[in-house]
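K.L.:
All chains, full assembly: derive it from the sequences and hints.
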Amino acid sequence: MSEADFIARLRAIATDPAARGLADDAAEWEGLVLTHDMIVEGIHFLPDDTPQDVAWKLVAVNLSDMAAKGAAPIGVLVGYTLGDDAWDAAFVDGLDLVLRRFGIILLGGDTVRVPAGAPRSFGLTAIGRAPPGGAPSRSGARPGDQLWVTGSIGNAGLGLAMRLGQIDPNETCLAAYSRPQPQLTFGQALVPHVHAMMDVSDGLLIDAQRMAVASGCEFVLMLEAMPLSAALLAVRPDVVDTRLAAASAGDDYQLLFAADPGAAAAIREIATGLNVAATPIGHAGVGEGITLTHRAQRLALPERLGFTH
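First residue of the sequence shown? That's 0 in numbering that gives the first Met the number 0, and the numbers climb one at a time after it.
Bear in mind the hints are in silico, worked out from the structure with no lab data behind them.
Some clues are possibly wrong.
Claimed, not checked - The following label-pair restraints were derived from C-beta to C-beta distances: (1) A11 / G107: 25 to 33 Å; (2) R112 / L232: 30 to 38 Å; (3) T271 / E223: 21 to 29 Å.
Note that the structure is predicted; figures quoted are calculated from it, not measured.
Just so you know, even glycine gets a beta-carbon here, dropped at the ideal spot from N, CA and C.
P.N.:
Pasting the structure below:
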């Protein structure tokens with residue numbers, strides 16, 4: 000059973016409005032935003048990733064969901080598989096570092112011991128305060144909205160290739176893979192100006208498609224506008240193939256949002272004040288799904304839009 004099929008079955012149970020139909024990055028309940036993500040060795044991180052980096056990623060991927068809801072994180076609950084003593088101790092050190100970095104507290108969790116050699120897997124529940132007026136959803140985009148993304152796309156995917164020894168490493172892309180930076184402050188500041196917002200975790204194309212479907216719109220994305228870092232372009236200078244690979248790579252943990260074009264000046268002012276790159280990459284229209292263009296010419300969508308379970 001695919002992830003989508005399983006979630007579809009769960010929707011029959013998750014009928015409370017707080018669950019948002021299981022179609023969003025998080026739930027919102029009585030002024031709180033709640034989210035839970037898991038990471039598994041060999042799927043979301045490599046067996047030789049450092050325990051400190053794994054701890055960072057576990058927290059950061061959940062805080063990225065908080066950022067997408069404009070929430071102020073409070074604390075976390077951790078589910079942990081015990082194994083090697085030294086690895087476990089280093090993970091705790093890394094967890095302490097990342098929680099201090101983002102100013103949140105450890106509230107509890109659970110531990111289990113797995114057989115020697117079994118893949119490590121970890122879960123984390125993050126709890127935050129919802130913004131005044133409520134958290135933006137994935138489903139609020141409207142025809143005519145401008146579509147934006149923060150940061151650079153594709154660095155983490157290239158960083159993974161570097162970690163696998165497929166490409167010569169550079170610091171920018173390796174850091175994007177191992178220590179993603181959730182856009183918490185920017186997400187909170189954007190709330191009054193956006194109609195819909197989500198984080199880019201599985202790939203820009205597949206996540207844009209999810210937002211388009213949730214909103215009942217067509218998203219037209221301009222490939223030439225997608226922001227790529229100088230570090231990525233130095234490794235892969237070919238334009239169209241590089242941008243397609245970056246847009247479907249995943250692990251970016253940037254924000255994708257839809258806003259009225261009249262909000263562009265306010266969005267740019269916020270981005271400048273917080274030193275965050277924010278780039279318009281397309282628009283929402285009447286229709287469904289996503290359409291990809293390059294310099295006004297329509298492109299066929301790649302067979303793989305992003306990561307799926």
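K.L.:
Each hint: holds or not?
P.N.:
Taking the hints in turn, this is what the structure says about them:
no., hint, verdict
1, A11 / G107: 25 to 33 Å, "holds (30 Å)"
2, R112 / L232: 30 to 38 Å, "violated (46 Å)"
3, T271 / E223: 21 to 29 Å, "holds (23 Å)"
Taken one by one, the earlier hints fail for this structure only at number 2.
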